[in-house]
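Number of protein chains: 4
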Amino acid sequence: MKNTFGQSLTVTLFGESHGPAVGALIDGIAPGIEVSDEEIKRQLSRRRPSDNLATARREPDNYQILSGVFEGRTTGTPICISIPNTDTRSGDYERGKARPSHADYAAYCKYHGFEDYRGGGHFSGRITAALTAVGGILLPALRKCGINIGTHILRCADALDRPISGLDDVRYLSDAAFPVLDEACGEKITEIITKARESCDSVGGETQTAVFGLPAGLGEPWFDSAESMLSHAVFGIGGVKGIDFGLGFGFGSAYGSEVNDAFRNENGKIITETNNNGGINGGITNGMPVIFRCAVKPTPSISRVQKTVDVVTGENAELEIKGRHDPAIIRRVCPVLDSITAIVIADMLSQRYGTDVLRKGIN
Amino acid sequence: MKNTFGQSLTVTLFGESHGPAVGALIDGIAPGIEVSDEEIKRQLSRRRPSDNLATARREPDNYQILSGVFEGRTTGTPICISIPNTDTRSGDYERGKARPSHADYAAYCKYHGFEDYRGGGHFSGRITAALTAVGGILLPALRKCGINIGTHILRCADALDRPISGLDDVRYLSDAAFPVLDEACGEKITEIITKARESCDSVGGETQTAVFGLPAGLGEPWFDSAESMLSHAVFGIGGVKGIDFGLGFGFGSAYGSEVNDAFRNENGKIITETNNNGGINGGITNGMPVIFRCAVKPTPSISRVQKTVDVVTGENAELEIKGRHDPAIIRRVCPVLDSITAIVIADMLSQRYGTDVLRKGIN
Amino acid sequence: MKNTFGQSLTVTLFGESHGPAVGALIDGIAPGIEVSDEEIKRQLSRRRPSDNLATARREPDNYQILSGVFEGRTTGTPICISIPNTDTRSGDYERGKARPSHADYAAYCKYHGFEDYRGGGHFSGRITAALTAVGGILLPALRKCGINIGTHILRCADALDRPISGLDDVRYLSDAAFPVLDEACGEKITEIITKARESCDSVGGETQTAVFGLPAGLGEPWFDSAESMLSHAVFGIGGVKGIDFGLGFGFGSAYGSEVNDAFRNENGKIITETNNNGGINGGITNGMPVIFRCAVKPTPSISRVQKTVDVVTGENAELEIKGRHDPAIIRRVCPVLDSITAIVIADMLSQRYGTDVLRKGIN
Amino acid sequence: MKNTFGQSLTVTLFGESHGPAVGALIDGIAPGIEVSDEEIKRQLSRRRPSDNLATARREPDNYQILSGVFEGRTTGTPICISIPNTDTRSGDYERGKARPSHADYAAYCKYHGFEDYRGGGHFSGRITAALTAVGGILLPALRKCGINIGTHILRCADALDRPISGLDDVRYLSDAAFPVLDEACGEKITEIITKARESCDSVGGETQTAVFGLPAGLGEPWFDSAESMLSHAVFGIGGVKGIDFGLGFGFGSAYGSEVNDAFRNENGKIITETNNNGGINGGITNGMPVIFRCAVKPTPSISRVQKTVDVVTGENAELEIKGRHDPAIIRRVCPVLDSITAIVIADMLSQRYGTDVLRKGIN
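Chains as they are written, first to last, in this note's numbering: chain D, 1 to 363; chain F, 364 to 726; chain R, 727 to 1089; chain Z, 1090 to 1452.
Incorrect hints may appear among the rest.
Derived Cβ-Cβ restraints for the label pairs, each shown as a range [stated by the list, open to error]:
#1 Asp763(R) / Thr313(D): 27 to 35 Å
#2 Lys1233(Z) / Gly976(R): 33 to 41 Å
#3 Thr274(D) / Glu550(F): 29 to 37 Å
#4 Tyr898(R) / Arg506(F): 46 to 54 Å
#5 Gly72(D) / Val668(F): 52 to 60 Å
#6 Gly72(D) / Ala910(R): 50 to 58 Å
#7 Gly976(R) / Arg1251(Z): 20 to 28 Å
#8 Gly1202(Z) / Asp531(F): 35 to 43 Å
These aren't lab readings, by the way, just hints derived from the structure by calculation.
From a predicted model like this one, the values you see are computed outputs, not experimental measurements.
Cβ atoms here follow ideal geometry from the backbone N, Cα and C, with glycine treated the same way.
Just chain D, with the same shape it has in the complex (with noise of 0.2 Å):
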């Protein structure tokens, strides 16, 4: 299932950068819940770009819902979610020069030149307003059953926001103009990327999701454990390049009489004491938040001259790339991410309790 993710309720991308449009399927989403155009109008403004430190290229995100919606509600039939592109300027591409460190020869080998190698075509950050489309009908759904998803940006270079410290910082971050919890952070990061653009460079960062409320018991023993599900969605992204889960690579130096998770009844709840683990031990929730980070490289496209090679006569080659990107997408990345948790864990509560449970809620 090569662009779908899901197994009870699926999630399929489609669409290329300067075609027709881009878009989502979504599959196995439980009938009767709300679609608010406002949500997801939101989550879609969330990503866009809407000042200097992105793209030039303005969308309007003008979606259009084919169908599985009747009268504001899911039917539990498909919907297909359709985003026309508008704002293309596919002149501003030349076949052949592959961006280093972007997917271009890749893809050249995989798809053997018949891919739109337009701005990236399939492999565009563009198809991630789709994604975020999605966000804007799972979110709700999942906040209504006490699950609540929220992603800053831990750091930029040098910048570092401070960690998610409760469901206060998440419910925070979910109308965030810019996706930090340190205010002094935002306005570093802003000069980080400022600076970048200006020096025609890209900078890379790191984020910090979370999700509070879920239950213990969800995910799989061996090959589908919750941090398999979530990592494998969210490498769907391209920038992405590391993912790790509670106190994660810091494990890597650290004793187990340290960093062990003591549990303990409070008034009822079994809870641990610290939450090194994110939430997941051997790959099944605790009912403690699942937390992780995720490292997120520069945009490879810079506006230097670059060494690579062209694809088509297999020449050495120069590039100086003229279209429109991002300094950073790792402020775009966020919404993105919160997109993408929730289609995790809206499958992995589907397949626990069954296509019913986001109307139903949880029992």
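Knowing the structure of chain D, use the given hints to seat chains F, R and Z on it.
Okay, now just chains F, R and Z, sitting in the frame of chain D:
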């Protein structure tokens, strides 16, 4: 597919630590692949605890192939491998007290108390014996296709091995008594693990895996990216809490101009000057070695008194684990990661080139 | 995967009869396959009602390809085909009274009343327009691989067509104005359907499908037999209530000595003297033509007064259906069966020979 | 998923007729389901040949459960059932000459000569022993949820049993010594099969299966219709060549006004007056009994001299089969169909109601 990985070539795991057997079922493997008892035994012995760095439980791992192999070769039908459990001391385990950071509590929530709690049951590292047997079939088959896979300990506490620098390192690792490249580092790690054991503690680490010889063009654009498939499979191991590719988390403070991998035509072969992307662009292999790191947490089972709850009564409790345990799994996880990686690669090849690829080779 | 068929090459259907559009998403198709507007239109027109044997609803079927096609060829990424609905008269439908033998009541139970009830919603035959558009891409691609698919009406009430006797029949059917081999039978069927319409009734039938040019060795030994895959896909059509292969139900009163298909080497090619098994032995194709029959029930929507219940109130009721309906779908189902068969064959080929097979051909 | 059926609850088959064992792996079953040795043995004995109507091969079917069961109940983790082969006479089989209508030639093409050819290898009816063991776990679990499944011989040559007329018939069949409803018919079938054996021949037949107690709303609108799932699974059996639901092929000469199933509210429960649709409308169960027929071909292995080819040399040849064979599988296929049906139903329930459904019941 709860305990199954793969689409064209699949592997399913079964078994409990103290049940009759652990095992694996391989489906979709090409017919005519040599199945060598020697290779399977070698792979099993790499994982098997054999000295006092590991658990005192000693299993001979006398595997049985119940199906799918005829006259020394695969038939193309499902191969069921069973490895009987013999050295079990179930009396070491008491029902109820959840071991901190282990799957006990999460499994209790998932399976409502019907799970086999003895020795971690289906969550036990014992099941990885079956995984390594699978590797004993797939790794030699991939080598015949020109694909070599190797894993070493990159870090254990403050001991750091040097990174894999070429195919020779990978070849060396496939037979190394201790999976490190720098002998001195190996001694330091031995010391660290020994000390952890002596102080009733455990210690974490990092691994690095490299795959040489992959063709460009494997993986899918969105949800089945090469990173998605590898991370999905790798997080099947309960102790793994992070993965990154190439520069990975190092991208978080990097600039595009520093880390983009320039393409170059070197004698007719297109390569990249650097390999910060770990052989994958936009989710698709680019022909460079695939490189990833895993973060492995300290074994949760330590012999010190720990605070926990009794999952049956819900009451707070103290636990002193008596079973036989590894003070570190970082060493034994290396052949397991080789095997898991082999499964992912074999599946990706089968999807792209068809079900006979492992016998016929690529192209 | 509720509305998706296939493993390596997949097709997902979406849309409601009276919603904005119906459509299909193809994923996993080889890059470089020609997409011909003429072929798609021809396939759509074969299904489209065009005379008074069919419903009075007239849809122009102006399909749009939203993604996955570039410069007239497939890119290898998902193809989303949307066919807007234009000629809808939703006022013809009232909520509540379940049409006997139609999906209304079952859908109400499944979707709890949130389904789009107008004109059968997602269960409408209208969705098969999208299926035939898919066939308009796959059928020509298969023909270039030497594989020809054809379907005709074998029976309608007491009118019987002669069975397909060779490749020429299949070629004839791909362009036939009326899908029968015997012209006189076609006239008789026309008469039967006309009479049914005039008496406010509907009539059932049988189809026969043949696939010529398949290599031996497709299909899997147990649950993914060639018969399993074909029947799975064919029963996607609500009106199909039976399928059999080769002699099929004729086997029930047969003896092995009469019906076993003897093998013979004919000029270097191994064939069977008879083809009672319909080209499939033990679930695997044997190189002979694959032949199957489908039983198609009379359209449930008839204009007579029928007894039923109101699904909302649960009360007994009488129903007189007013919408525009087909007195028989047996004719229109033929191109739909061609398309469905093409999907199954294309997927089986992709699984066995890899994702490029439709472009490179079988080898 | 070549030898696997199901999505939420899955079953994988493995083994060869003359290999060490045949077996099945169940994944996704709810924890806490009773596993009764008596029920499994009863189901195995219903399939096991025990008189001279069946093959002379006598296997004790001493099954072993290798995993997934603890203290007499399912744990929720994979259950691996292995049934060792003991009574094998591999000398009876010679490589090369394809048995007409058997899988030998097709398997040779698929597996390129690496298949285990002895006794049909992986295509042998012997593998259905494992399927019936699975039924020995699932059938009692479904009964506790109020769902009863039964299969009988509807036809064998010209002997016709009466159709299933209610739940009592289904209950009767679950324990019947010979799977027919009309005793006289049973005697006639015994005679027909005996005569076929005596004349070195084999004979086909038809079965009828009924499922009582299903809730309305199971199945999916397009490709995963209830008919799709059932037919997919049933065609896993090589001898099955046709399936139809309700009136099935009888619809081909019927008119809507005659066969539409009128709905009626009977004391608060919505039923249909007739059940020509076999309990399924538009692919979704409607709460009426699900009824289907299967066409079963005569066993291809007959002891007469037959014309064939040698698959290795490609030359024409004559074959006289010496192995021990069934003159008819129509009797033994009944418990196998019960088991397969149980798998499909259990999976559909798990998808809709979640993974705990078999323990908690529907609702």
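Each hint, compared with the structure:
1. Asp763(R) / Thr313(D): 27 to 35 Å: At 32 Å between Cβs, range holds.
2. Lys1233(Z) / Gly976(R): 33 to 41 Å: holds, 40 Å
3. Thr274(D) / Glu550(F): 29 to 37 Å: Roughly 33 Å apart at Cβ, these two residues keep to the hinted range, so it holds.
4. Tyr898(R) / Arg506(F): 46 to 54 Å: Given about 53 Å between the Cβ atoms, the range holds.
5. Gly72(D) / Val668(F): 52 to 60 Å: holds, 57 Å
6. Gly72(D) / Ala910(R): 50 to 58 Å: holds, 54 Å
7. Gly976(R) / Arg1251(Z): 20 to 28 Å: holds, 22 Å
8. Gly1202(Z) / Asp531(F): 35 to 43 Å: holds, 38 Å
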